[in-house]
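Protein chains: 2
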Amino acid sequence: MIPFNKPYLTGKETKYIEEAVASGKISGNGIFTQKCQKFFEDTYGFKKALLTTSCTDALEMCALLADINAGDEVIVPSYTFVSSALAFVRQGARIIFADSYPDNPNIDADKIEKLITEKTKAIVVVHYAGIACDMEKILEIAEKYNLILIEDAAQAIDSYYTFKDGTKKALGGIGHLGAFSFHETKNIISGEGGMLTVNDDRFINRSEIIWEKGTNRSMFFRGEINKYGWVDTGSSFLPSEVISAFLWAQLENIDDIQHNRLKIWNRYYEGLKNNPKISLPVIPDFATNNAHMFYIVCNELESRTELIKRLKENNILAVFHYLSLHKSEYYLQKHDERALPNSDHFEDCLLRLPLFYELSEAEQEKVIRIINEF
Amino acid sequence: MIPFNKPYLTGKETKYIEEAVASGKISGNGIFTQKCQKFFEDTYGFKKALLTTSCTDALEMCALLADINAGDEVIVPSYTFVSSALAFVRQGARIIFADSYPDNPNIDADKIEKLITEKTKAIVVVHYAGIACDMEKILEIAEKYNLILIEDAAQAIDSYYTFKDGTKKALGGIGHLGAFSFHETKNIISGEGGMLTVNDDRFINRSEIIWEKGTNRSMFFRGEINKYGWVDTGSSFLPSEVISAFLWAQLENIDDIQHNRLKIWNRYYEGLKNNPKISLPVIPDFATNNAHMFYIVCNELESRTELIKRLKENNILAVFHYLSLHKSEYYLQKHDERALPNSDHFEDCLLRLPLFYELSEAEQEKVIRIINEF
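Going line by line, the protein sequences match chains A and B. Using the working numbering, the letters of the first sequence correspond one by one to residues 911 to 1284. Using the working numbering, the letters of the second sequence correspond one by one to residues 911 to 1284.
One thing to keep in mind: the hints can contain errors.
To be verified - Partial list, computed: chain B residues near chain A (C-beta under 7 angstroms): (1) Lys916; (2) Ile936; (3) Gly938; (4) Val992; (5) Ser1150; (6) Glu1151; (7) Val1152; (8) Phe1156; (9) Tyr1240.
Said to hold, decoys possible - With a straight-line cut-off of 20 angstroms between C-alpha atoms, the simulated SDA-like cross-links for lysine to any residue are: (10) Lys935/B <-> Lys1222/B; (11) Lys925/A <-> Lys925/B; (12) Lys935/B <-> Val1229/A; (13) Lys935/B <-> Thr920/A; (14) Lys1047/B <-> Asp1075/B; (15) Lys1237/B <-> Arg1127/A; (16) Lys1074/A <-> Asp1195/A; (17) Lys916/A <-> Ile941/B; (18) Lys1219/B <-> Gln1243/B; (19) Lys1183/B <-> Val1207/B; (20) Lys925/A <-> Gly921/B; (21) Lys958/A <-> Glu1134/A; (22) Lys1137/A <-> Glu1210/B; (23) Lys1024/A <-> Ala1249/A; (24) Lys1237/A <-> Phe1130/B; (25) Lys1054/A <-> Glu1023/A; (26) Lys925/A <-> Glu929/B; (27) Lys1024/A <-> Tyr1070/A; (28) Lys916/B <-> Glu1273/B; (29) Lys1222/B <-> Gly934/A.
Quick caveat, the hints were computed from the structure, so don't treat them as lab data. Built from N, CA and C at the ideal position, the CB exists for glycine as well.
Working from the sequences, and respecting the hints, build out all of it.
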């Protein structure tokens, strides 16, 4: 059986967990958490990075920092994971769902402006498969209407956007706030896990307070105040050091992991690019590819269903992805009835192929052969 | 230096983490999560147990399940951790703070009824130091006014309450909902970690949905539905299998851990019971002692400050505990101005002594000697 995903271990995860335990501190915000955060800030230029227990939690921190309240509107793509919307719904927001491009699951930047009303407070973009949205265009819109721009960079670690003037910035480091995932299906993992990135000075102090259950505990431990207490809203967003120690072992090997995933991704691309029955991922000139995912797009639901079946008969697990959120049981009645045909198209036709560190060349050739013979 | 706390490892934590990784699944709700949950349900009689990333998250699940909304009132003791109140504040609740007994930090059951208004929706009790609140009395009040009763059992693992008819129930298994902590300072640990307990059938199905980001994913994986989607509010409350594997190693040794902690607790009690300058913990007849914490209560703030100093000079770390939440920077203006003198008394006078698995008899005798000489 070729699974869809297999978590990859670098080999040092349990060693670092043992080190964390030996240090006498395994609750949050210890040595490994701080090492990971510094790595992300130094490597990708985020102004502040805070590890969280999940990307959902990082998105909830974004919603709290953006001060989303009942009645506020937030623009979110429909073709995304539940959490991209749910984190804002928990604060009382009404979600205005946006459509994808016809040939790219990312939010269609040209259709955002007409969704803005007086109640709009934030735009959430999702870099699908780690490939950048059109950030320069979206930044202009956010600035024009004074909106908070939040990057759901769950899949986008180690991926970049290049501005027209040549400036290159890491995804998650462009909007006011960003959120990453280290779920076992991601490039860099800790089972469950996530990270908030803060790129705007006005949110930095408050992000630390919200992270620590609404207390100014971090300031206390830095000696900036004499005693700590309850000063704001928040939650327990910080992960155990057990998780951060695990993550650190992954980060030490990020270059090797990324190199290997890109090799696999490119092999899929070369092997499938001449297949006339499917479309392959589009990578705009402004975007890099972090090899988070290799997907193909079939022409219709029926052929995708047949292809999944054929692959399964050959012991290969390929899986579809999101269901349009605007049609979900939870949001259908709350949605404003606009059709979002491109989102629905990817719901029906997009298929993700096995992609993990230990996928062998022979296994991959088998996947490619069966798709091309189909 | 004798620290206040030292996380204890049973020795199998990293072995089980390696097993989890070898199984190919380290995201949430895997084999170890299910093993831990079954252990808690079987051992303590909880109708349903769901591991969470923290006790704060478990309390947020309680707030969502209790359907707390803007304008609702929730009764919470003032002498507790921020999260006992914050989880309900996030849902828009107004907190009505309750006072402790004069000789016991737990909520004074005789003063709850007069805090109830038409807006009251829930009562949160906190079993301080793992010693039960007067649950029979509080259950009667909750039933009389049709309120949801939530047990903040953060410190209360393996502790019990005995009803007048002789029935004995585990704490966290008495109210409609309960929340536990596995923070590194607790008896059973995973660094950060927690658990929701559900004891009322009407909350069981929804608890699983809220736990899994508002989706019916658990039902899908049990084959009860054909595809899963967004059906409700929720968050990513479930921990990584890395955390659950760690916790499982602790649970296998819970009897040994509890036996050893009780021995230490009893040694403190015997050594300090004749000291006329301090008060010791009161354990009512209906409660058991899970040896989560050993605290003493000084006569006033000044003597506690002096004692902390004296202990520190002797390389012993003893620490005070909560600051009354009704006087916090965040809630002072929102509080209804009632004085809560017993809560303030414990804020000023309560002192926690070192208590951890590896505390030696010699170290403990030193602590006792210095307090008695003071």
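Would the hint linking Lys1237/B and Arg1127/A be met if the CA-CA limit is 20 angstroms? holds (17 angstroms)
Satisfaction of hint between Glu1273/B and Lys916/B, Cα-Cα up to 20 angstroms: holds (13 angstroms)
Under the criterion that the straight-line Cα-Cα distance not exceed 20 angstroms, is the pair Lys935/B, Lys1222/B satisfied? The hint is violated at about 46 angstroms.
Grab the minimum C-beta distance from Tyr1240/B to chain A and call the hint holds if it beats 7 angstroms, violated otherwise. holds (4 angstroms)
Would you mind confirming whether the straight-line C-alpha gap from Lys1237/A to Phe1130/B stays at or under 20 angstroms? holds (18 angstroms)
Does the structure keep Lys1054/A and Glu1023/A at a Cα separation of 20 angstroms or less? holds (10 angstroms)
Interface hint check: Gly938/B, Cβ to nearest Cβ on chain A, cutoff 7 angstroms. Holds or violated? holds (5 angstroms)
Please verify whether Lys958/A and Glu1134/A have alpha carbons no more than 20 angstroms apart. holds (18 angstroms)
Given pair status - Val1229/A, Lys935/B, alpha carbons within 20 angstroms: Judged against 20 angstroms, a Cα distance of about 17 angstroms means the pair holds.
Below or equal to 20 angstroms on CA atoms is what counts here, so check Lys1183/B against Val1207/B. holds (12 angstroms)
Should the interface hint for Val1152/B be scored as holding, given a Cβ-Cβ cut-off of 7 angstroms against chain A? holds (5 angstroms)
Would you mind confirming whether the straight-line C-alpha gap from Lys925/A to Lys925/B stays at or under 20 angstroms? Answer holds: Lys925/A to Lys925/B is near 11 angstroms, not above 20 angstroms.
The structure fails to meet hints 10, 18, 27 from the earlier list, while all remaining hints are met.
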